[in-house]
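Engineer: Going down the list, the protein sequences come from chains A and B. The opening position of the first sequence corresponds to residue 1 in my numbering, with each subsequent residue numbered one higher. The opening position of the second sequence corresponds to residue 140 in my numbering, with each subsequent residue numbered one higher.
These aren't lab readings, by the way, just hints derived from the structure by calculation. As the structure is a prediction and not an experimental result, all values here were calculated from the model. Quick reminder that beta carbons are idealized off the backbone N, C-alpha and C, glycines included. Be aware that a few hints might be false.
[To be verified] Restraint-style ranges between C-beta atoms, simulated for each label pair:
1. A/Gly-73 <-> B/Ala-177: 25 to 35 Å
2. A/His-66 <-> B/Glu-248: 27 to 37 Å
3. B/Thr-169 <-> A/Gln-97: 27 to 37 Å
4. A/Tyr-100 <-> B/Thr-169: 21 to 31 Å
5. B/His-242 <-> A/Ile-6: 43 to 53 Å
6. B/Glu-233 <-> A/Asp-121: 56 to 66 Å
7. A/Pro-126 <-> B/Ala-252: 17 to 27 Å
8. A/Gly-61 <-> B/Glu-233: 38 to 48 Å
9. A/Ala-74 <-> B/Arg-249: 24 to 34 Å
10. A/Glu-11 <-> B/Gly-151: 44 to 54 Å
11. B/His-242 <-> A/Ser-38: 42 to 52 Å
12. B/His-242 <-> A/Glu-119: 17 to 27 Å
13. A/Pro-126 <-> B/His-242: 36 to 46 Å
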Amino acid sequence: MTFPPIVAKQESFQLRSSVDVVVARRGVRDWARDLGLSVLDLTKVVTAASELARNAVVHGGGGIMHLQVVRAGAREGLRVIFKDQGPGIPEIERAMQDGYTSGGGMGIGLPGAKRLVNEFDVSSTPSEGTCVTIVRWKV
Amino acid sequence: MTTERIPILRMGKCLLVTIQVDMHDQLAMTLQDDLASAIAAQESNGLLIDISALEMVDSFIGRMIANTAAMCRVLDAETVVVGMRPAVAITLVELGLTLPGIHTSLNVERGMAVLERAAAARV
């Protein structure tokens, strides 16, 4: 049985505009640096966070990002949760495929972000919103 | 919001832009428009984009760079992107963005050499 990781630290960021996306990804970068992630892992998690924060603003009509340092046993990592109250993603399986786009984008956001992190979870309810959770563990 | 802008420098027939700030999406779009206008207005035949200060390039900024290069090609100018950090390059490829058709160089000096060769080949 695995226990859910313990949240050691948390901060929340509003996601309403493209400037908020910059502030949020800067927060992720600073925390990743403080945690001691490698330059490559830091770049990956910041890039994934940027994609997901933009999704929340553009497709979710705005939302919130919770940034957390989590511990599971001896492991430490960064967990980032993106929540919006937008229209939701009607076909998550298709949205997770490379090249699928609801319009406008390149269709690499969700599957691309998933490849950049260790854990990725998306849940969405039509007309209620979407919640995406990512974790990058420190090696 | 104030209309902040990223400065575009002119060096002979080339334009040089160094992105030193973490761009929000609107600023990236403004830069794309400014570059297209500047290429046409100054009849430049080369554009060098220095991204060595960028710690991250996501799909939006990547697409803006790709679109800018495509616009320049249509306006008869070459684009070279210089100074991409290794971690940024790895992340971009894993994200699924390979920037096809874009010239890259390791630094400004090599990038300028590429543009000079391209200009010489025109004559």
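Engineer: Indicate, hint by hint, whether the structure satisfies it.
Structural biologist: Each hint tested on the structure:
1. Between A/Gly-73 and B/Ala-177 the Cβ separation comes to about 55 Å, which falls outside the hinted range of 25 to 35 Å.
2. A hinted range of 27 to 37 Å is violated for the C-beta pair A/His-66 and B/Glu-248, which are about 44 Å apart.
3. For B/Thr-169 and A/Gln-97, the hinted distance range of 27 to 37 Å is satisfied, since their beta carbons lie about 32 Å from each other.
4. About 29 Å separates the C-beta atoms of A/Tyr-100 and B/Thr-169, a value consistent with the hinted range of 21 to 31 Å.
5. Evaluation of the 43 to 53 Å hint for B/His-242 and A/Ile-6 yields a pass: the beta carbon distance comes to about 48 Å.
6. Take B/Glu-233 and A/Asp-121: their Cβ atoms lie about 19 Å apart, and the range 56 to 66 Å is violated.
7. Taking the beta carbon of each, A/Pro-126 and B/Ala-252 are about 55 Å apart, not inside 17 to 27 Å as hinted.
8. Checked against the hint of 38 to 48 Å, the pair A/Gly-61 and B/Glu-233 fails, with Cβ atoms roughly 29 Å apart.
9. Evaluation of the 24 to 34 Å hint for A/Ala-74 and B/Arg-249 yields a failure: the beta carbon distance comes to about 45 Å.
10. At roughly 48 Å, the beta carbons of A/Glu-11 and B/Gly-151 sit within the given window of 44 to 54 Å.
11. At about 29 Å, the CB distance of B/His-242 to A/Ser-38 disagrees with the hint of 42 to 52 Å.
12. At roughly 37 Å, the beta carbons of B/His-242 and A/Glu-119 sit outside the given window of 17 to 27 Å.
13. Between A/Pro-126 and B/His-242 the CB atoms are about 44 Å apart, so this pair conforms to the stated range of 36 to 46 Å.
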